[in-house]
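There are 2 protein chains.
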Amino acid sequence: MSDYLTIAVDVMGGDFGPRVTIPATLDALKRYPHLSAKLVGHQEAISPYLNRLNADIACRVEVVHAPDTISMADKPSQALRNGKQSSMYKALELVSEHKAQACISAGNTGALMVLGRFILRTLPGIDRPAIISSVPTVNKHCYMLDLGANVDCSAEHLLQFAIMGSVMAAAVDELEEPRVGLLNIGQEEVKGNEQVKLASRLIEERGGLNYIGYVEGDDLYAGRADVVVCDGFVGNIALKSSEGLARLISRKFQASFKKGIYRRLLALIASPVLNELKRQMDPSRRNGASLLGLQGIVIKSHGSANRKCFGYALDQAVAEIEQDVPRKICHEIEHKLS
Amino acid sequence: MSDYLTIAVDVMGGDFGPRVTIPATLDALKRYPHLSAKLVGHQEAISPYLNRLNADIACRVEVVHAPDTISMADKPSQALRNGKQSSMYKALELVSEHKAQACISAGNTGALMVLGRFILRTLPGIDRPAIISSVPTVNKHCYMLDLGANVDCSAEHLLQFAIMGSVMAAAVDELEEPRVGLLNIGQEEVKGNEQVKLASRLIEERGGLNYIGYVEGDDLYAGRADVVVCDGFVGNIALKSSEGLARLISRKFQASFKKGIYRRLLALIASPVLNELKRQMDPSRRNGASLLGLQGIVIKSHGSANRKCFGYALDQAVAEIEQDVPRKICHEIEHKLS
Numbered sequence: 014m015s016d017y018l019t020i021a022v023d024v025m026g027g028d029f030g031p032r033v034t035i036p037a038t039l040d041a042l043k044r045y046p047h048l049s050a051k052l053v054g055h056q057e058a059i060s061p062y063l064n065r066l067n068a069d070i071a072c073r074v075e076v077v078h079a080p081d082t083i084s085m086a087d088k089p090s091q092a093l094r095n096g097k098q099s100s101m102y103k104a105l106e107l108v109s110e111h112k113a114q115a116c117i118s119a120g121n122t123g124a125l126m127v128l129g130r131f132i133l134r135t136l137p138g139i140d141r142p143a144i145i146s147s148v149p150t151v152n153k154h155c156y157m158l159d160l161g162a163n164v165d166c167s168a169e170h171l172l173q174f175a176i177m178g179s180v181m182a183a184a185v186d187e188l189e190e191p192r193v194g195l196l197n198i199g200q201e202e203v204k205g206n207e208q209v210k211l212a213s214r215l216i217e218e219r220g221g222l223n224y225i226g227y228v229e230g231d232d233l234y235a236g237r238a239d240v241v242v243c244d245g246f247v248g249n250i251a252l253k254s255s256e257g258l259a260r261l262i263s264r265k266f267q268a269s270f271k272k273g274i275y276r277r278l279l280a281l282i283a284s285p286v287l288n289e290l291k292r293q294m295d296p297s298r299r300n301g302a303s304l305l306g307l308q309g310i311v312i313k314s315h316g317s318a319n320r321k322c323f324g325y326a327l328d329q330a331v332a333e334i335e336q337d338v339p340r341k342i343c344h345e346i347e348h349k350l351s
Numbered sequence: 014m015s016d017y018l019t020i021a022v023d024v025m026g027g028d029f030g031p032r033v034t035i036p037a038t039l040d041a042l043k044r045y046p047h048l049s050a051k052l053v054g055h056q057e058a059i060s061p062y063l064n065r066l067n068a069d070i071a072c073r074v075e076v077v078h079a080p081d082t083i084s085m086a087d088k089p090s091q092a093l094r095n096g097k098q099s100s101m102y103k104a105l106e107l108v109s110e111h112k113a114q115a116c117i118s119a120g121n122t123g124a125l126m127v128l129g130r131f132i133l134r135t136l137p138g139i140d141r142p143a144i145i146s147s148v149p150t151v152n153k154h155c156y157m158l159d160l161g162a163n164v165d166c167s168a169e170h171l172l173q174f175a176i177m178g179s180v181m182a183a184a185v186d187e188l189e190e191p192r193v194g195l196l197n198i199g200q201e202e203v204k205g206n207e208q209v210k211l212a213s214r215l216i217e218e219r220g221g222l223n224y225i226g227y228v229e230g231d232d233l234y235a236g237r238a239d240v241v242v243c244d245g246f247v248g249n250i251a252l253k254s255s256e257g258l259a260r261l262i263s264r265k266f267q268a269s270f271k272k273g274i275y276r277r278l279l280a281l282i283a284s285p286v287l288n289e290l291k292r293q294m295d296p297s298r299r300n301g302a303s304l305l306g307l308q309g310i311v312i313k314s315h316g317s318a319n320r321k322c323f324g325y326a327l328d329q330a331v332a333e334i335e336q337d338v339p340r341k342i343c344h345e346i347e348h349k350l351s
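Chains as they are written, first to last, in the working numbering: chain A, 14 to 351; chain B, 14 to 351.
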């Protein structure tokens, strides 16, 4: 691996497979001269994309053949039983064998979770990995976890998530004291269910964080916190609801500019502004969720990501490698919870 | 009461109090010739608004003096102990005494919940009231409940919510067989926490509804279901997250059209379209949540509602009175769960 950062890419994953994942990876190799990539997937599916690479890129690409693919329909348990020859499995294995510092996949999330946990194991002191991603805010963005890895979390788990999220924001965004909030249905002490109330006390007493207390659903996008902690059931639904509403608004937006010739003309004139807005509304722009808490970096891209979006997920992988996020989490957990 | 529909309006509630609630109520009296209103609040605060009413409106307005007001900061327990002379308490009392068929307030939600339950009691067979509201969808809208009245729900409660929501959609939207979905983090049988899985079986077996199974966060706005059932913690966060994102988009939208003179000019030309869009994005347009499951109709308006928005909540009250929603819920629960 020498001085290069190395990413293992499950090129078969996602709705478009190699058609998106390989060009996006080659783009990233151009962006990052110190990056190398192991393209994991069926050799025959990969090779057509590697003709006519210039020498500088070619020397940083390696193909790792994997005859099988885990499909979106496969159950995690199937993936665990029968997936050893799959591109996802082999990409994760490269991380566990220290042949790559991060793995990225746009494939089946459930399978990635289960295989990631099986192959890489959780960090000492972490009971369960969590899915973290950033959401846009008025000023910038905030990290939110868990987004669906855990449907039933104890207060202790939420404490671990709070520490991991804070490490992520501090490392990747270079914040000195990330503001950590706990998602609840009101900001008052008395609000919320028992699990959240207990978690709030735990984070306050044992987290050693810049804990700002409860935040509400609408605070997510208002920039009140840098990290928002919640259980995976709630987080998944909050994020998907927002994405659903963004899509609805985007549709109404387009429909509005199609009613009659005057509006069409207007849309033409205003197209630079409208396109800018469409980009800002696009949930896939902030692509690249991470599975935090494993002994290795695992990035999950949206299945529907296009070349550019898969590129954002690759950026996230590079940032986490450069900051060595797993080691920092390990350090903080040891320091705070043992 | 004769043939009039009568609404008791807590005119002191909300961020603007009588300044919004009374003009909005007078507007509603113009819209609905068969409506009469009891304005509940401090007489001195109300009387300035009642000068120069024309005779047709004046004869349908009655002032009910209440010396106290429950503030947004009051805890529900305080409201229960000390609130007997408050406008909210007296408005609810008018419903329990059959002097009004519905009560509406833009005040403290927690207090309205607790007082509503204390004064009106739940319907036979209903353990807990739920907050229901509609959210916009691609085609029209869908009802969502619970939105925060209950932070810990059993599967049995979710079943009751499903039946109540279905009655609401059938009655107010005149749907023959409203499609009822249960909010979850995936559509597969295996997904979700234990409470949701159990609730799904219960609704399937005992609900006697047009149950379509699990729906995800982004389905909320996609029009897949007419009623979406969830626990109050999840529902509150899903709705508020979406509202937060809508506000963020709206801000970016405005900012986008303010960069430079060319864009300002463009905004001027495009203003009818932009205003239409802003209206469609505005979460307060669908104002008027209901407390379902009580022996009477209780409508909660957003605290920040303006005159027009408070009017939407009044429309909701009229619709529920006309359809006699509580009686229909009572009938369905008796029919299905006893």
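Treat the hints with care, as some may be off.
Because identical chains share one entry, a pair is satisfied inside a single copy or across any pair of copies.
[To be verified] Straight line, CA to CA, 25 Å or less: simulated BS3-like cross-link-like pairs of lysine-lysine:
#, residue 1, residue 2
1, LYS153, LYS210
2, LYS272, LYS88
3, LYS349, LYS43
4, LYS349, LYS97
5, LYS88, LYS321
6, LYS272, LYS349
7, LYS153, LYS272
8, LYS88, LYS43
9, LYS88, LYS210
10, LYS341, LYS321
11, LYS272, LYS210
12, LYS271, LYS204
13, LYS43, LYS321
14, LYS43, LYS210
15, LYS349, LYS153
16, LYS272, LYS43
17, LYS112, LYS97
18, LYS349, LYS210
19, LYS153, LYS204
20, LYS349, LYS265
21, LYS204, LYS97
Keep in mind that the hints were calculated from the coordinates and are not lab data.
The hints, checked one at a time:
1. With identical chains, the CA atoms of LYS153 and LYS210 are never at most 25 Å apart, being 28 Å at best within one copy and 37 Å at best between copies.
2. Within a single copy, LYS272 and LYS88 get their C-alpha atoms no closer than 45 Å, and across copies no closer than 49 Å, so neither meets the 25 Å cut-off.
3. Taking the shortest alpha-carbon separations for LYS349 and LYS43, neither the intra-copy value of 40 Å nor the inter-copy value of 65 Å comes in at or below 25 Å.
4. Taking the shortest alpha-carbon separations for LYS349 and LYS97, neither the intra-copy value of 37 Å nor the inter-copy value of 50 Å comes in at or below 25 Å.
5. In this assembly of identical chains, LYS88 and LYS321 lie within 25 Å of each other by CA distance neither inside one copy nor across copies; the values are 29 Å within and 50 Å between.
6. In this assembly of identical chains, the alpha carbons of LYS272 and LYS349 never lie at most 25 Å apart, being 59 Å within a copy and 47 Å across copies at closest.
7. In the homo-oligomer, the alpha carbons of LYS153 and LYS272 lie at most 25 Å apart only across protomers (19 Å), although the nearest pairing inside one protomer, at 34 Å, exceeds that limit.
8. Proximity of LYS88 to LYS43 under the C-alpha cut-off of 25 Å is found in neither arrangement, the shortest distances being 36 Å within a copy and 59 Å between copies.
9. For the identical chains of this complex, LYS88 and LYS210 are inter-copy neighbours only, at 17 Å across copies versus 34 Å inside a copy, given an alpha-carbon limit of 25 Å.
10. Taking CA atoms no more than 25 Å apart as the test, LYS341 paired with LYS321 passes in neither setting, with 29 Å inside one copy and 53 Å between copies.
11. Taking the closest pair of Cα atoms, LYS272 and LYS210 never come within 25 Å of each other, the shortest separation being 50 Å inside a single copy and 44 Å across copies.
12. Neither within a single protomer nor between protomers do LYS271 and LYS204 lie at most 25 Å apart by alpha-carbon distance, with minima of 45 Å and 40 Å respectively.
13. In this assembly of identical chains, LYS43 and LYS321 lie within 25 Å of each other by CA distance solely inside one copy; the values are 13 Å within and 55 Å between copies.
14. For a Cα distance limit of 25 Å, the shortest separation of LYS43 from LYS210 qualifies neither inside one copy, at 48 Å, nor across copies, at 48 Å.
15. In this assembly of identical chains, LYS349 and LYS153 lie within 25 Å of each other by CA distance neither inside one copy nor across copies; the values are 28 Å within and 50 Å between.
16. Taking CA atoms no more than 25 Å apart as the test, LYS272 paired with LYS43 passes in neither setting, with 43 Å inside one copy and 33 Å between copies.
17. Within a single copy, LYS112 and LYS97 get their C-alpha atoms as close as 17 Å, which meets the 25 Å cut-off; across copies the closest is 72 Å, which misses it.
18. In the homo-oligomer, the alpha carbons of LYS349 and LYS210 lie at most 25 Å apart inside one protomer (20 Å), although the nearest pairing across protomers, at 36 Å, exceeds that limit.
19. In this assembly of identical chains, LYS153 and LYS204 lie within 25 Å of each other by CA distance neither inside one copy nor across copies; the values are 28 Å within and 33 Å between.
20. Taking CA atoms no more than 25 Å apart as the test, LYS349 paired with LYS265 passes in neither setting, with 48 Å inside one copy and 39 Å between copies.
21. Proximity of LYS204 to LYS97 under the C-alpha cut-off of 25 Å is restricted to the inter-copy arrangement: shortest distance 24 Å between copies versus 47 Å within a copy.
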